[in-house]
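Asker: Following the hints, position chains B, C and D against chain A.
Residue numbers (this note's numbering), protein chains in the order written: chain A, 433 to 732; chain B, 526 to 761; chain C, 266 to 397; chain D, 2 to 251.
It should be emphasised that the hints constitute simulated quantities derived from the structure, not laboratory data. Careful: at least some of the hints might be erroneous.
Unchecked claim - Some, not all, of what chain B presents toward chain D, calculated at C-beta under 8 Å: (1) Leu575; (2) Arg713; (3) Glu715; (4) Ala745.
What the hints assert, rightly or not - With a cut-off of at most 25 Å between alpha-carbon atoms, the simulated BS3-like pairs for lysine-lysine come out as follows: (5) C:Lys274 <-> C:Lys357; (6) C:Lys332 <-> C:Lys274; (7) A:Lys566 <-> D:Lys20; (8) D:Lys19 <-> A:Lys504; (9) D:Lys229 <-> A:Lys504; (10) C:Lys357 <-> A:Lys697; (11) C:Lys386 <-> A:Lys709; (12) D:Lys91 <-> A:Lys560; (13) D:Lys186 <-> A:Lys566; (14) D:Lys20 <-> A:Lys563; (15) D:Lys27 <-> A:Lys566; (16) A:Lys610 <-> C:Lys298; (17) B:Lys562 <-> A:Lys566; (18) B:Lys562 <-> D:Lys27; (19) B:Lys562 <-> D:Lys212; (20) A:Lys597 <-> C:Lys274; (21) A:Lys504 <-> D:Lys212; (22) C:Lys294 <-> C:Lys344; (23) B:Lys562 <-> A:Lys560; (24) D:Lys27 <-> A:Lys560; (25) C:Lys274 <-> A:Lys697.
The beta-carbon is built from N, C-alpha and C at its ideal position, and this holds for glycine as well.
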Amino acid sequence: MDVISCQELTKTFGRVRALNNITFTIGQNRITGLIGPNGAGKTTLLKIIAGFLRASSGEVRVFSEDPFNNLKVAANMIFIDDQMRFPQSLTLSEILASAAAFYENWDMELARRLFDYFSLDPEQYHHKLSKGMKSTFNMIIGLAARCPLTIFDEPTTGMDAGVRKDFYRALLRDYLRKPRTIIISSHLLNEIEDILEDIFLLSGGEKRLQTPVSDLKEFAVALRGKREVIDKLTAGQEIYYQKSVGKDHSYVVIRRDAAEGLLKKAGRDGLEVFPVKADDLCVYLTSRKRGGIDSVFDRY
Amino acid sequence: MATIDPLLVILFMANLLILVLVILFVVKSGCFSLQNKIQFWLIAGYILLLLASPVVIQMLPKENFADERIKKVSEKDLYVQADLYTIAQGASPEQIKGVFVLEQWEFPYNGSMLNVVVRPLYEYDAVIVVERKDSADGKIEAVNYASKPIVELIDLSEIMKPHKVALDGNVLKVTAPEFLQIELGVFRNEFVISQILGDTELESAPWRHGSQLIYLRVPADVEVQSEASVHFVEKQ
Amino acid sequence: MELNSVEGKPIYVQIAEWLENEILCGNIKENEKIYSQYQLAEMFNINPATAAKGINILADQGILYKKRGLGMFLSPEAKEKIRDKRKNHTLKRLVEEVVFEARLLGVSEAELLSMIRDAGKVFDEHEGIEGG
Amino acid sequence: MSLTDISLTEPSLFDTVKKQFLYKLKGRLGLFLAMMGVQIMGLLFSLSGASSHGMGDNFLYVSVNEFSSDLIIWFTFFWIFVVAVLITTKDYQNIDFTFVANRLSSHLSNVGFLITAAVIGGVTAMLSGTLLRIVIYFIRGRYMLSENFITDPEVILTGIAVTILYLLLISALGYFCGVLVQLSKVFIVILPALYIGTVDFLARELPVIVKVYNFIIGENSLALLAVKVLITTALIYACSCVLANRLEVR
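Next comes chain A alone, as it looks inside the complex:
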């Protein structure tokens, strides 16, 4: 059985359609990266899963229950984002103590060690922290809560590069120690790519791709060569990205399995074949227009 399953999930805000007909499942004890550009609907989707928002139509199940307004889901889930609010009169250590009361699996030892490592002052107040420090603190809560479903919505906002790296490492090591279902949303894939098992691409409120991240690198290939040769080869294929190079060359990204036969020929036709970086592919798959920003200028 799956931890999360969504059937034809749609969410509208007034006339705006934030999520459109999304169907997917997320299995147990996997780290899934929810990737998409800003405004893709990542936060909306995560908040529906967390039970904060209500689906406009379709069915959502978390731990086999409707998450909206569901105490059981709330008790087994934690949602970390940079909008988290805490009482202003409580110090960080008091907030940790409160969190410990709420979460059964809370690991205070872990929280303390992370506190030390990131040199957070337990007597400090949350609203006095810098943006990055807030994110670090929120992350500590998310990790120490050890919830069967842990959701991080853009958790590294404001963190500097070193802390970000530490965070992902901490996440992975704690996950190895106590596997659970984790979803991390981000608009960039590259820095979390390694620790992910699955990737879920969302763009314009629609699901683009859900695949194990190890398959993502082999999902597409790039071809570069004379334009007419490429056009002939790729006729009828779905082109994820296309760019003009030089006078009569072009660069296209297509699906690898569709191109399997072509690849042999490619070398002979004087085409170069490249692998496509995973985060580039994500950008191609989720960008608004095929051909990227160049398409704005090409027909100018």
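Answerer: What follows is chains B, C and D alone, placed relative to chain A:
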């Protein structure tokens, strides 16, 4: 609905605004970043202080309390309208309810003329009643009668100052009493109490002026004269 | 070792190659238990599922064998298999690329062979310096 | 793998409400600090006396200053209304949903908090009256103090009980208003208009409202007042919970 004074409305609104600001200031403020513990002890201290205040108030020395110095007036006394002027018209002081003797004097006197002067002259109209006794016993008796001043159900007669009466030769000097100014603090029960227990009696209690009168009894052979107005009465 | 995510090679392939190198160097002995997917995940900061995929590539090729409940062990013929595979696939592909490039540049076969020989000499000298 | 592998927490509503209630009590100390400020302000305003009048004749002038702690109680009423509205706002709601909560547990713990606030507010507001007397005793020593300077314990207790009842009712109303505003911002305009309308227009056109008001507020028996106020309060809270139960949060 009754019309409301717009000034009151404005004042009321201003008050509310101040209240909102105070609440928001305390709640929102980063400028009020007290440690949680300090906050807690501030509030706890405040509540403890309040809980202790009913005990503290019992222990305060109360010599300055009206209740201690002055008798509370009884219902009976309150509605007695003692009019001293009926004495001037010949009524016997003993027969008037609510009239009491504030002070009395006795002077041996052998002269035949008595001059009654009132001080301070022109500023003060003392009410002086003179009764000629049946016999010439050589004694002038002076009685300072008074009626009870009652304010907020408190009988102030205990602190009333009497006139001064002195005999010097054939001059009887009546000096006005020292002027007394009293400030009284009273507490209304809170509206939440009066809703259940009713209003305090104060609300409807009338006030009574206290007044004073000097009653002179002179020997039968003494002639009284005065620049002040003096009422002569016959002994009944 | 740091993984290279810039180069297009999938991470699990890099894991498999790293394990092969360890085996070729003799860091892992025959019939010895190899790293678990969790150890690899921790070492390379990757998802354990990815690490498992790397291990499975080797298992599929018979380089590793599984003892139920104990984990993956190095099979006795592992080195041989890796050498064969690399010769038949990796080296062959590299040679093909070299030949293709040589054709494109119009380099003759003799010229190419001498280049290979020269490269071998340089490599030997290098080894010599390192060794001495 | 199946879901049975995951050991899921089975939370009880009561337990969650209890935890949230304690968390809120700890986290909202500032609100009680505000109460303190408001009551002390009320006390300071009350020091000058509610009214004064005098009477005199040739021998005596008596001026009477009336003191009353009514203002402190009104200020406390106002405080709890603002608090009740405040804790329905997004900011406070977010704090609830940072940790384990659902709508019902959030409301119930809010109601628990407001009841606590009403009790603390009621006790402190009435006792502030006693504090006012002590302060006046010390700073206005020349006064002869009289009449209700010392209040009988049962009178104070009656006052506390009635104040708490009012505070409960007002907090419920405030919470209800807050919930309406959360449902739709239109109510920010409608509610004040309705209030003014009720006082001025509706009171004239719909005597029922006046009757309802008098039925509750005009009660002279403490027991009956308690029954009426508690039932009304419970109804208003129940309405708020039902109305807000489908609200989206965070």
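Asker: The structure should be examined with respect to each hint, and the outcome stated for every one.
Answerer: Verification of the hints:
1. Leu575: holds, 4 Å
2. Arg713: Since chain D brings a Cβ to about 4 Å from Arg713 of chain B, closer than 8 Å, the hint holds.
3. Glu715: Interface hint status for Glu715 of chain B: holds (5 Å vs cutoff 8 Å).
4. Ala745: Because about 32 Å separates Ala745 of chain B from the closest Cβ in chain D, which is outside the 8 Å limit, the hint is violated.
5. C:Lys274 <-> C:Lys357: holds, 18 Å
6. C:Lys332 <-> C:Lys274: Violated, at roughly 30 Å.
7. A:Lys566 <-> D:Lys20: holds, 24 Å
8. D:Lys19 <-> A:Lys504: holds, 16 Å
9. D:Lys229 <-> A:Lys504: The hint is violated at about 37 Å.
10. C:Lys357 <-> A:Lys697: holds, 18 Å
11. C:Lys386 <-> A:Lys709: Violated. Lys386 of chain C to Lys709 of chain A sits at ~37 Å, over the 25 Å cutoff.
12. D:Lys91 <-> A:Lys560: holds, 20 Å
13. D:Lys186 <-> A:Lys566: violated, 30 Å
14. D:Lys20 <-> A:Lys563: violated, 28 Å
15. D:Lys27 <-> A:Lys566: This hinted pair holds, its Cα atoms lying about 21 Å apart.
16. A:Lys610 <-> C:Lys298: holds, 23 Å
17. B:Lys562 <-> A:Lys566: holds, 23 Å
18. B:Lys562 <-> D:Lys27: Between Lys562 of chain B and Lys27 of chain D the Cα gap is close to 10 Å, so the pair holds against 25 Å.
19. B:Lys562 <-> D:Lys212: Answer violated: Lys562 of chain B to Lys212 of chain D is near 47 Å, above 25 Å.
20. A:Lys597 <-> C:Lys274: holds, 22 Å
21. A:Lys504 <-> D:Lys212: violated, 45 Å
22. C:Lys294 <-> C:Lys344: Holds - the C-alpha atoms of Lys344 of chain C and Lys294 of chain C are around 10 Å apart, at most 25 Å.
23. B:Lys562 <-> A:Lys560: It holds: about 18 Å lies between the C-alpha atoms, which stays within 25 Å.
24. D:Lys27 <-> A:Lys560: Status holds; Cα separation ~19 Å.
25. C:Lys274 <-> A:Lys697: Given that 25 Å is the threshold and the Cα spacing comes to 22 Å, the pair holds.
Of the numbered hints listed earlier, those contradicted by the structure are 4, 6, 9, 11, 13, 14, 19, 21.
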